[in-house]
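Reassemble the complex: the two chains are provided individually, in unrelated frames, and hints are given to aid placement.
Chains as they are written, first to last, in our numbering: chain A, 1 to 116; chain B, 1001 to 1112.
Treat the hints loosely; a few may be bogus.
[Claimed, not checked] Derived DSSO-like pairs: lysine-lysine, alpha-carbon spacing no greater than 30 Å straight-line: (1) B:Lys1056 to B:Lys1002; (2) B:Lys1042 to A:Lys41; (3) B:Lys1067 to B:Lys1107; (4) B:Lys1042 to B:Lys1099; (5) B:Lys1099 to A:Lys41; (6) B:Lys1099 to A:Lys55; (7) A:Lys66 to B:Lys1099; (8) A:Lys20 to A:Lys64; (9) A:Lys55 to B:Lys1042; (10) A:Lys41 to B:Lys1056; (11) B:Lys1067 to B:Lys1099; (12) A:Lys14 to A:Lys66; (13) B:Lys1042 to A:Lys14; (14) B:Lys1070 to A:Lys41; (15) A:Lys66 to B:Lys1042; (16) B:Lys1002 to A:Lys66; (17) A:Lys41 to B:Lys1067; (18) A:Lys66 to A:Lys41; (19) B:Lys1099 to A:Lys64; (20) A:Lys20 to B:Lys1099; (21) A:Lys66 to A:Lys55; (22) B:Lys1070 to A:Lys64; (23) B:Lys1042 to A:Lys20; (24) A:Lys14 to A:Lys41; (25) A:Lys64 to A:Lys41; (26) A:Lys41 to B:Lys1002; (27) B:Lys1042 to A:Lys64; (28) A:Lys41 to B:Lys1107.
Keep in mind that the hints were calculated from the coordinates and are not lab data.
Here the structure is a predicted model, which means the values were calculated and not measured.
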Amino acid sequence: GAVVSQHPSWVICKSGTSVKIECRSLDFQATTMFWYRQFPKQSLMLMATSNEGSKATYEQGVEKDKFLINHASLTLSTLTVTSAHPEDSSFYICSARRVGSNQPQHFGDGTRLSIL
Amino acid sequence: QKEVEQDPGPLSVPEGAIVSLNCTYSNSAFQYFMWYRQYSRKGPELLMYTYSSGNKEDGRFTAQVDKSSKYISLFIRDSQPSDSATYLCAMSESGGYQKVTFGTGTKLQVIP
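Bound-form chain B, shown alone (with noise of 0.2 Å):
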């Protein structure tokens, strides 16, 4: 079983629509969370990070943490073309996010 499991897509939406990408993961030590997003041939883009359970909210992205069920999930509202590329969680044990483990990232397409 790998430590972060994330459902690698594709998933198509149309434009406007609510997003919600999930992963779930095994480490229960896991502390600190985070959501990349990459475009293709480019590196991740750093959208949010959490430290344990909760909600954090940044514009249309919303980050939520639910330890007690190891699930993390990133909601995007009104969702736009240039949203699509490839989203990935990632999870740390420690606190200064040093060794980070990262999703296989959901493919993400915004259709106008």
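Okay, chain A solo, but in the shape it has when bound (with noise of 0.2 Å):
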């Protein structure tokens, strides 16, 4: 089946400093890619979409100079968190589709930041 990898699964950094996370299709192609953010005991929330060649969309309220999107190729996307802060800590969590497929999303497994 469709395999998501997220990179890393875990990071803890000092406040200020900027954080990427990967997102990788591992056996498909996908023009577009979610980000997602997850704050403990609450459901996703979306924050973009990614697509291979072009800017991302980002949902109201998510600040597109603070959470820079690149879709660089067909089965690589990054999400980095710029002059992180506490309040950024949450679960990050990236999807793709695959090309041509009218099947739902498959997830990463996830990113846990923490803004010390």
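See the structure below:
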């Protein structure tokens, strides 16, 4: 089945640093990848839609200058949290859809980000 | 009112029980319906997906959609301790499951 890999799985860093999270589709090509954020005991909230070869589409209230998304190839999208602060601590999850498929998104295992 | 409502639980059942998980929604444009299972500190795992109203069965899992009532269900037969997880319903309007709206999830515990 479709597999989406996310790296790193857990990162702890100091306030003010930037953190990059990678999302890869391992056995299929994905023109579209999605980035979600999940706080404890809450549901997934879509942050942005990442489109290969073009700018990402951000949801209302998500700062595009803070959460930089790059989708440089059909198998890789990255999310960079710039100048991270403690309030950015959360569980970040990516998902991807197979090109030409009419099936739902498959998710990575998430990245737990802790900003000290 | 949230677009998708889901009872957060927790729901505790004995091993072997039939589990019923439910979601209601308000957006009549939703046509694609999904159920995901999420273990602690992991990403959601796709269990079932259906289009429009009707039933779909896969092993111990059955998904039901009643668009007239804006109500979807997931039934788990012969529940196992390994089924203990949070179950998320999800829905989308467009073909291809583009923008998906999730419920808050129901935490299920199956007791041996």
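Results for each hint:
1. At most 30 Å may separate the alpha-carbon atoms for a hinted pair to count; lysine 1056 of chain B and lysine 1002 of chain B meet this at roughly 26 Å.
2. For the proposed pair lysine 1042 of chain B and lysine 41 of chain A, the alpha carbon gap of about 13 Å is at most 30 Å, so the pair holds.
3. Simply put, lysine 1067 of chain B and lysine 1107 of chain B have alpha-carbon atoms about 24 Å apart, close enough for the 30 Å limit, and the pair holds.
4. A threshold of 30 Å between alpha carbons decides the hint, and for lysine 1042 of chain B with lysine 1099 of chain B the separation of about 21 Å falls inside it, so the pair holds.
5. Distance hint between lysine 1099 of chain B and lysine 41 of chain A is fulfilled; the C-alpha atoms sit about 21 Å from each other, no more than 30 Å.
6. For the suggested pair lysine 1099 of chain B and lysine 55 of chain A, the alpha carbons sit about 17 Å apart, so the restraint of at most 30 Å is met.
7. The hinted pair formed by lysine 66 of chain A and lysine 1099 of chain B meets the criterion: a straight-line CA distance of about 22 Å does not exceed 30 Å.
8. For the suggested pair lysine 20 of chain A and lysine 64 of chain A, the alpha carbons sit about 14 Å apart, so the restraint of at most 30 Å is met.
9. Proximity of lysine 55 of chain A to lysine 1042 of chain B is assessed by CA-CA distance (about 28 Å); at most 30 Å being required, the pair is judged to hold.
10. Note on lysine 41 of chain A and lysine 1056 of chain B: the hinted pairing holds, with a Cα-Cα distance of about 28 Å set against a maximum of 30 Å.
11. At most 30 Å may separate the alpha-carbon atoms for a hinted pair to count; lysine 1067 of chain B and lysine 1099 of chain B meet this at roughly 19 Å.
12. A threshold of 30 Å between alpha carbons decides the hint, and for lysine 14 of chain A with lysine 66 of chain A the separation of about 16 Å falls inside it, so the pair holds.
13. Under the criterion of a C-alpha separation no larger than 30 Å, the hint pairing lysine 1042 of chain B with lysine 14 of chain A is consistent with the structure, at around 24 Å.
14. Proximity of lysine 1070 of chain B to lysine 41 of chain A is assessed by CA-CA distance (about 24 Å); at most 30 Å being required, the pair is judged to hold.
15. Annotation: proposed proximity of lysine 66 of chain A to lysine 1042 of chain B holds, straight-line Cα distance about 24 Å (limit 30 Å).
16. For the given pair, lysine 1002 of chain B sits about 27 Å from lysine 66 of chain A by alpha-carbon distance, which is consistent with the 30 Å threshold.
17. Of the supplied pair hints, the one linking lysine 41 of chain A and lysine 1067 of chain B holds, its CA atoms being roughly 27 Å apart against a limit of 30 Å.
18. Of the supplied pair hints, the one linking lysine 66 of chain A and lysine 41 of chain A holds, its CA atoms being roughly 24 Å apart against a limit of 30 Å.
19. Between the alpha carbons of lysine 1099 of chain B and lysine 64 of chain A the distance comes to roughly 18 Å, so the proposed pair stays at or under 30 Å and holds.
20. Restraint check for lysine 20 of chain A and lysine 1099 of chain B: the C-alpha separation of about 24 Å stays at or below 30 Å, so the hint holds.
21. At roughly 15 Å between alpha-carbon atoms, lysine 66 of chain A and lysine 55 of chain A fall within 30 Å of each other, so this suggested pair holds.
22. Taken as a hint, the lysine 1070 of chain B and lysine 64 of chain A pair is broken in the structure, with Cα atoms around 34 Å apart against an allowance of 30 Å.
23. Pair hint lysine 1042 of chain B plus lysine 20 of chain A holds up; C-alpha atoms about 19 Å apart against a cutoff of 30 Å.
24. Pair hint lysine 14 of chain A plus lysine 41 of chain A holds up; C-alpha atoms about 25 Å apart against a cutoff of 30 Å.
25. At roughly 25 Å between alpha-carbon atoms, lysine 64 of chain A and lysine 41 of chain A fall within 30 Å of each other, so this suggested pair holds.
26. At most 30 Å may separate the alpha-carbon atoms for a hinted pair to count; lysine 41 of chain A and lysine 1002 of chain B meet this at roughly 16 Å.
27. Distance check on the hinted pair: lysine 1042 of chain B and lysine 64 of chain A sit about 25 Å apart at the alpha-carbon level, within 30 Å; holds.
28. Distance hint between lysine 41 of chain A and lysine 1107 of chain B is fulfilled; the C-alpha atoms sit about 9 Å from each other, no more than 30 Å.
Checked against the numbered hints listed earlier, the structure breaks hint 22 alone; every other hint is satisfied.
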